[in-house]
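Novice: Each chain is listed here by its residues.
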Amino acid sequence: MNIATDYILALSGVLFVIGVLGVLVRRNAIVIFMSIELMLNSANLALIAFARAMAPAAEALRGHVLVFFVIAVAAAEVAVGLALIVAIFRTKHSIDVDQVSSLQG
Amino acid sequence: MSFSEVLQGGSLFAYAPLIIAFPLLGLLINMIFGRRLGERAVGIIASSAVGLSFVIAILQFFALSTHPEGTSVPIADWITIGQLAVPWSLKVDTLSVTMMLMVTGVSALIHVYAIGYMHEDVRFQGDPGRFTRFFVFFNLFVATMMVLVTADNFLMMFVGWEGVGLCSYLLIGFWFEKGEDGIGNAIAGKKAFITNRIGDFGFLIAMFLIFGAVGSLQFADVFHWAHEHGLENVDVITAITLFLLLGATGKSAQIPLFVWLPDAMAGPTPVSALIHAATMVTAGIYMIARNQALYDVAGLSSNLVALIGAATALFAATIAVGQFDIKRVLAYSTISQLGFMLAAVGVGAQVAGMFHLVTHAFFKALLFLSAGSVIQGIEHGHHHLEHVGANPGGGEAFDPNDMRNMGGLRSKMKITFWVYLIGALALSGIFPLAGFWSKDEILADANHESIVIFLLLTVAAFFTAFYMGRQILMVFFGQPRSEAAKHAPENPPVMTVPLILLAVGAILGGVLNLPGMHTLTDWLEHTLHVHVTEFNPVVAGLSTLLALLAIGIAWFVYGRQPMGKGSPDPLRRMLGPIFVGMENKWWVDELYQFLIVRPYIALADVLADVIDWRFWHDWFHDTVLARTFREGTRWLNDAFDLRVIDGIANGLGNLTQAISGRMRFLQTGYVRNYALSFLVGVLLVLSYFIFGSS
Amino acid sequence: MTLDLILFFGIAFIAVVSAISMLISRNAIYSALFLVLNFVAIASLYLLLNAAFIAMVQVTVYAGAIMVLFLFVIMLLGAERVETSPSLPWQLPVAILLGLVLVAEFAYVLFGKVAQAGGELTGVGEGFGSPASVGRMLFDQYLIPFEVTSILLLVAMVGAIVLTRDDRKGSR
Chain W
72 MNIATDYILA LSGVLFVIGV LGVLVRRNAI VIFMSIELML NSANLALIAF ARAMAPAAEA
132 LRGHVLVFFV IAVAAAEVAV GLALIVAIFR TKHSIDVDQV SSLQG
Chain X
45 MSFSEVLQGG SLFAYAPLII AFPLLGLLIN MIFGRRLGER AVGIIASSAV GLSFVIAILQ
105 FFALSTHPEG TSVPIADWIT IGQLAVPWSL KVDTLSVTMM LMVTGVSALI HVYAIGYMHE
165 DVRFQGDPGR FTRFFVFFNL FVATMMVLVT ADNFLMMFVG WEGVGLCSYL LIGFWFEKGE
225 DGIGNAIAGK KAFITNRIGD FGFLIAMFLI FGAVGSLQFA DVFHWAHEHG LENVDVITAI
285 TLFLLLGATG KSAQIPLFVW LPDAMAGPTP VSALIHAATM VTAGIYMIAR NQALYDVAGL
345 SSNLVALIGA ATALFAATIA VGQFDIKRVL AYSTISQLGF MLAAVGVGAQ VAGMFHLVTH
405 AFFKALLFLS AGSVIQGIEH GHHHLEHVGA NPGGGEAFDP NDMRNMGGLR SKMKITFWVY
465 LIGALALSGI FPLAGFWSKD EILADANHES IVIFLLLTVA AFFTAFYMGR QILMVFFGQP
525 RSEAAKHAPE NPPVMTVPLI LLAVGAILGG VLNLPGMHTL TDWLEHTLHV HVTEFNPVVA
585 GLSTLLALLA IGIAWFVYGR QPMGKGSPDP LRRMLGPIFV GMENKWWVDE LYQFLIVRPY
645 IALADVLADV IDWRFWHDWF HDTVLARTFR EGTRWLNDAF DLRVIDGIAN GLGNLTQAIS
705 GRMRFLQTGY VRNYALSFLV GVLLVLSYFI FGSS
Chain R
-5 MTLDLILFFG IAFIAVVSAI SMLISRNAIY SALFLVLNFV AIASLYLLLN AAFIAMVQVT
55 VYAGAIMVLF LFVIMLLGAE RVETSPSLPW QLPVAILLGL VLVAEFAYVL FGKVAQAGGE
115 LTGVGEGFGS PASVGRMLFD QYLIPFEVTS ILLLVAMVGA IVLTRDDRKG SR
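Keeping their order, the protein sequence lines are chains W, X and R.
Okay, so the first sequence: first residue is 72 according to our numbering, each after it adds one.
Okay, so the second sequence: first residue is 45 according to our numbering, each after it adds one.
Okay, so the third sequence: first residue is -5 according to our numbering, each after it adds one.
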């Protein structure tokens, strides 16, 4: 086992930045949504890495529990978020987020 | 502690405040519960309250008999402002206790009499509900009179002074909706009140002067000052005493302020007897006697007091001769007798003045109450006739007070006749009744001091005997001159018993200060500077002779050939224009109307028109204030409000609008832009954690 | 260079490449499939990190259920290609700039010795990360949050149904 925690954190950071860029540059609402899932996963990865780093301690498993909750919340979020996208599509006939700009000042 | 020890210790003085408290308690009970208690209970409560006050006065008398120097009973601090300290304390000395005994004693009798009198009166006048109100006012009067009498300083005396004035006003206007044109009684009350205000004004000024000169309003301090520094300050004291005299002329109905008292007869008869004959009107005499220390210093004022008293005595006596209203005769008689008292205190005979004050209270209260009895008898007769269906007044308004409607009442109202006769003889100064002793003492003192005063008073005494003789003969002798007088019945004992008691007082009052014994002189010596004037048989004989002569003339005019029904007064034929003058009160009211009231009203009208209306309203308000205001507001509106205020408001609005107009482009509506700014925020927060917190 | 390290770098490469592919794919279906690949890569990293239970959850819930839902919605709406004309001209360069700033900050934290991260990973105890151990902790110490999660999922289900319901035919 020669994997340093630093490496995993670096990977997590890279994935997170990719997720951020996805949110910022893509206009497809579903892809933006997927980017958000990617960011959640990168955070989960960091949590697992930290849990592994303090491994012998019993408290380390709390990181796993937290990831479990994040996944559950993500599942709920996806269900509601996709329902919203469907509802928006019904009125706008598009899922381009740039088309949904009624709040323009 | 036995009773004698209580007397020794002088602790009976501590009960003095009760003399004010009892009437106050009585009036509160009657005021709150009176309507539910019924007439009998109201009358008993009011009378017993005054009766208890009389008991307290007797206790004070006993206390003084062992401690004749008197005392001052403190109750509370009243006013303490810088140098001015006015405590609320009662002065109990021989002078004030004399007044206490007289006022509460006579008041108690009149209260009892009023139970019977008012019972009839409220029914005759048609408003039985006012029975309670009458006794509330009556008790209030006794309470305030006690404040006046027991005052330890000028301010407290002034409170009582105003209080009795108020009660006088309330009771004169007791039947305020009656009288001439439905407002006659109200006008009489107003006249009394306003006339008294002039006197009160004098009292107030005197009080200010006293405070300015002495720095205290306590009697003790002021008299001490007058004793020590009187001679250096004669001018000030003269001014003070003259203003006090003005107050006394108002309250005691002397020239020039006497005009209110005859009109005050509009009140119910017990009011006339109590307030306008026996007690309140003597307040002025009491006040001047109390301030003897000041008047002793100011010779000019003393002389003026004596002169005014003597002049009033004669002047009022002549008017009394020409009156037909039974109560008005007595009213002018009261003014005249008050003049006697004032003359007495003016010539330095305070004791004689107080002596006459007390005896006069007895026989004048007696006369008034008897007159009330007569009036009520006539009213009964009048009522009786209405009841049987006759038309007594011949369609005209019937005046039960008019002596021309009376006559021959001697046989109908026996008790009333006899007590009236006693009162009249006492007033005329016939030996050995009370009036003889007191009046002769005044005449003797006047003879001693000034021949002018003596002559004026002697002539007044002659007229006194004459008008009383005339009244007796017109009312009780001859034939009845109206149907009502024929049917006049005697009144019930509740009214006649007080009359008999007062008659006893009128007979025996003289023993208070018999020549050679000087009981009252010795008594008052502890409070006042007194001197003993020996009995002067010449003066006494002369005055008695004159009185008998006057009664004889009266019989010659009215008794020998009784006045017939509807015939004019026989004196009118004999005296001609002089009688007209007497009958019309020498036109004093008209003179005042012409000299003072009309010019005053005209002046008030002019001032109202010129000063108030034209100057203040038209010029100052409309022109100056309104125009300034209008111009000012117009300027403020145009220049200030529209430009500055609106400028600020609009400027702020425009600024906000401009800023937000630019800012609104930040709000693109694109969710990705928002995400971008969100990321910027995240980066900043992260930077703060990394770089900021080290 | 041990086997683990080689394995890690290989998986990491797959994860990053699939993530970038997801980002730049024109077609949303491709994006979704690349994301599935990414998730699977991360699940195998979990295995490397002794998190067996989480790895299984990752595969079944994320790669399985959630991504299927995505694909289903994409196909339902026919929204594979929506970006026809470019808009927001400044968005792309600014986003890349900010992304680089974020990377720089991460790098500073990792390599700038701001945080003293641990070095090589040491051994773990028996059964670390197994379903039994995670489950024991979950039901011992986090029972109430766990139950609340079930309510959350129920609410999400109801919310999804309400939002997607066709009101035009329903009774208002």
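Treat the hints as calculated values from the structure; they're not laboratory data.
Take these hints with a grain of salt, some might be off.
[As the list claims (entries may be wrong)] As a list, the in silico SDA-like pairs of lysine to any residue whose alpha-carbon atoms are at most 20 angstroms apart: (1) W:Lys163 / R:Leu70; (2) W:Lys163 / R:Met69; (3) X:Lys456 / X:His273; (4) W:Lys163 / R:Leu137.
[Unchecked claim] Partial chain W-side listing against chain X, Cβ under 7 angstroms, derived: (5) Thr76; (6) Leu95; (7) Leu118; (8) Glu148; (9) Val168; (10) Gln175.
Keep in mind the model is a prediction, meaning the values are calculated, not measured.
From the three backbone atoms N, C-alpha and C, an ideal C-beta is built for every residue, glycine too.
Novice: Any hints from earlier that this structure breaks? Give me their numbers in increasing order, please.
Specialist: The structure breaks hints 3, 4, 5, 7 and 8; every other hint is satisfied.
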